[in-house]
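Peer 1: In case you want the letters, here they are:
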Amino acid sequence: MSVVVDSIKENPVEEFLRTDRLPHVWCTGCGIGTTVNCFARAVKECGIPLDELAIVSGIGCTGRVAGYLKLDSFHTTHGRPIAFATGLHLANPKLKVVVYSGDGDLVGIGGNHFIHAARRNLDITVILLNNFTYAMTGGQVTPTAPLDSIETTTPYGVFEENFNLPHLAASCGAVYVARWTAYHVMQVKKAMVEALNKKGFSFIEILSPCPTIYLRRNRLGSAIDELKYYKEHSVIQHGADTREVGITVRRPEKIIVGKFVDIEKPDYLTAMNKHLSEVLGDKYVRWGE
Amino acid sequence: MAKRTGIEVSIAIAEAARQANVDVVSAYPITPQTHIVEHLAQLVADGDLDAEYITVESEHTAMSACVGASAAGARVFTSTSSQGLALMNEIVYLASSLRTPVIMALANRALSGPISIWNDHSDVMNERDTGWICIFANNGQEAYDLTLMAFRIGEDRRVMLPVMVNFDGFILTHVIEPIHIFEDQEIADFIPPYEPLCVLDTDNPITVGPVGVPDVYTEAKKQQEMAIRESRPVIEEVFEEFARRYGRRYRPVETYRADDAEIVLLAQGSVIEAAEVAVDHLRDQGKKVGTVELRLWRPFPFDDLREVLCSTSIKQVVVLDRCISFGGPPGPVLSEVRSALYLEKDKPMVVGVVAGLGGRDISLEEYVEMFEIGEECLRTGKDPGEEPELVKIVGLRE
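Protein sequence lines, in the order shown, are assigned to chains A and B. Residue 199 in the working numbering sits at position 199 of the first sequence, with consecutive numbering throughout. Residue 182 in the working numbering sits at position 182 of the second sequence, with consecutive numbering throughout.
No lab work stands behind these hints, which were simulated from the structure alone. Possibly wrong hints are sitting among the right ones.
Calculated pairs, SDA-like style, for lysine to any residue (alpha carbon to alpha carbon, straight line, at most 25 Å) [as the list claims (entries may be wrong)]:
#1 A:K198 - A:S73
#2 B:K382 - B:E344
#3 A:K274 - A:P93
#4 B:K288 - B:E254
#5 A:K70 - B:P114
#6 A:K70 - B:S116
#7 B:K221 - B:P299
#8 A:K70 - B:K288
#9 A:K96 - A:N273
What you are looking at is a predicted structure, and each value in this text was computed from that prediction instead of being measured.
Full structure from sequences and hints, please.
Peer 2: Structural data, given as structure tokens:
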């Protein structure tokens with residue numbers, strides 16, 4: 001028994017955590033912490049030196065990630081992490097900038113920044129935890145909430161169509177698009193490694209159980225039930241047509257997961273350097289290369 | 001008759017909006033305001049309030065939708081806090097300059113950064129010059145009453161301006177207080193259906209919000225300035241009618257044990273009731289102290305304030321600001337109070353302190369310290385700081 005106790009004294013990803021900030025705010029069963037664990041392992045594996053990595057979060061439950069990771073981090077205002085990340089990346093292109101935030105933050109209030117960063121193919125990685133609700137403020141409707149979802153601002157169910165996030169990212173120009181769930185820890189880690197090493201706008205959507213707010217209010221059971229549902233109903237379809245992967249109802253028969261997009265395209269800085277070199281010739285000093 | 005009910009202050013404010021029979025609610029979640037709009041969403045969904053509840057993707061959109069709905073002739077309500085109000089800021093100016101009487105319940109919370117979800121007044125002070133009528137409540141009953149009155153004031157044909165009702169986040173929003181909630185019919189008598197002055201109407205097309213070229217911009221601003229100044233008598237009429245109907249009298253400037261006081265603490269919001277405890281405590285020791293509450297912030301109640309502070313027993317005012325005016329006089333309330341008294345001959349001295357930032361509690365001892373600062377000023381005839389503009393923060397950890 002003592003052997004077991006000894007072996008769990010130190011968390012294997014402890015070196016990436018600000019342990020003085022623990023315990024964290026996330027509820028038991030919440031998927032955010034699981035993905036942070038994946039992310040720490042991905043950071044270890046991706047080969048990017050820690051002093052060349054910065055993490056940016058917005059507001060909300062997932063917005064707390066930047067505060068718990070022992071990396072250079074920026075906890076920004078609600079909806080703006082991609083805008084802050086744009087400045088961070090362009091001022092110091094050597095930094096690998098990761099935006100780690102929630103659905104309400106990134107495609108609700110911050111949706112404009114999301115589509116434009118993808119359109120410009122800005123060389124950043126966006127990790128979006130989708131729990132279908134504004135969890136931190138008590139469960140209001142987000143633009144990802146599937147039809148009929150019960151939220152505090154839609155007590156009789158959602159009637160608006162929601163976003164299909166992989167399709168949104170892909171159609172705006174993202175070069176890497178994947179979706180996994182908090183159940184798929186190995187795949188999440190692998191996708192994070194790939195996204196971190198991808199040049200251009202890389203995007204990972206991770207479906208994550210919110211037992212306190214979303215699951216409870218929608219009578220979908222516990223976090224365990226949700227993970228079992230992810231396990232049993234996820235269908236891996238790499239390269240799936242993103243138009244077909246929307247989650248339109250609360251418990252669809254299948255959730256299509258996998259790596260949907262992995263293409264090559266000049267990122268924002270590459271395009272800028274190429275264009276201005278052509279127009280200005282020797283007068284132009286190339287940036288970030 | 002009104003029933004006295006134990007009710008969360010946020011819910012009471014939402015009930016006020018329901019009783020005012022609002023047509024449109026548009027809001028975005030933000031702590032600590034959220035319970036207000038959640039309750040309204042439930043009321044709309046349950047059919048207890050015949051209104052459009054617009055779930056939007058940001059506060060900027062919330063206020064835009066409110067102004068649009070108001071221009072279409074709807075009675076409109078929204079609620080926000082802190083960063084939400086800051087994000088609305090662009091449209092907050094439009095609401096007043098386009099004369100759309102949107103009613104806003106503002107759960108006061110500190111502005112970032114650092115990120116703080118707790119209470120102070122930096123959010124509302126940021127909106128000081130937006131042209132909204134701006135009123136402070138210091139307890140749950142007042143927040144409920146003032147929200148009701150806000151509809152009467154803002155929608156009055158002589159006013160037609162948006163109104164912001166301020167109440168401290170968490171300290172008020174999240175507590176359950178015994179509140180007199182009126183019968184719906186009583187409120188229906190007090191707040192008749194809204195009759196907009198001019199609305200977007202396809203049969204009689206008008207344009208709302210066009211460009212104001214240099215030829216007309218100044219005049220438009222002058223009209224706006226006249227409108228908010230001229231709202232003063234209407235505000236007092238509504239206070240008066242409320243007192244007549246319901247027995248609770250509100251004044252633009254409220255006082256507590258100030259009649260024979262020498263030193264008064266002047267503040268806004270929930271701190272006033274806490275300061276009153278300190279006043280009682282000091283009065284027991286024979287000190288002549290009291291409080292003055294600047295309930296009405298815009299339009300600024302110059303006359304009422306001068307009447308309370310000038311040519312009376314009051315020799316020293318200590319102004320408590322709940323936010324800092326960086327690089328300026330300590331806080332906006334201090335500057336305005338000093339400015340309002342500038343031309344008066346028989347006026348008290350005015351000193352400023354800052355306290356209660358970002359949710360920091362102000363203890364009884366600290367209120368006493370504020371009065372002691374006043375005492376020291378009175379004794380020496382000058383501010384305790386080496387320079388008059390030095391920021392004196394009470395409760396600062398050093």
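Peer 1: For K382 (chain B) and E344 (chain B), compute the direct alpha-carbon distance and say whether it is at most 25 Å.
Peer 2: holds (18 Å)
Peer 1: Taking 25 Å as the top limit, are the C-alpha atoms of K70 (chain A) and P114 (chain B) close enough?
Peer 2: Given pair K70 (chain A), P114 (chain B) holds - Cα atoms ~19 Å apart, limit 25 Å.
Peer 1: Mind checking the alpha carbons of K288 (chain B) and E254 (chain B) for me, to see if they're no more than 25 Å apart?
Peer 2: Holds, at about 17 Å.
Peer 1: Run the distance test for K70 (chain A) versus K288 (chain B): straight-line Cα separation, threshold 25 Å.
Peer 2: violated (55 Å)
Peer 1: For the pair supplied as a hint, K70 (chain A) and S116 (chain B), is the alpha-carbon distance within the 25 Å limit?
Peer 2: holds (22 Å)
Peer 1: Holds or violated: K221 (chain B) and P299 (chain B), Cα atoms, limit 25 Å.
Peer 2: Cα-Cα ~15 Å, so holds.
Peer 1: Regarding the pair K96 (chain A) and N273 (chain A), is the alpha-carbon distance no greater than 25 Å?
Peer 2: With Cα atoms ~19 Å apart, K96 (chain A) and N273 (chain A) stay inside 25 Å; holds.
Peer 1: Within 25 Å, alpha carbon to alpha carbon, are K274 (chain A) and P93 (chain A)?
Peer 2: Roughly 16 Å between the alpha carbons, so the hint for K274 (chain A) and P93 (chain A) holds.
Peer 1: Tell me if the straight-line CA distance from K198 (chain A) to S73 (chain A) falls inside 25 Å.
Peer 2: Roughly 20 Å separates the two Cα atoms, so the pair holds.
Hint compliance for this structure: hint 8 alone is broken.
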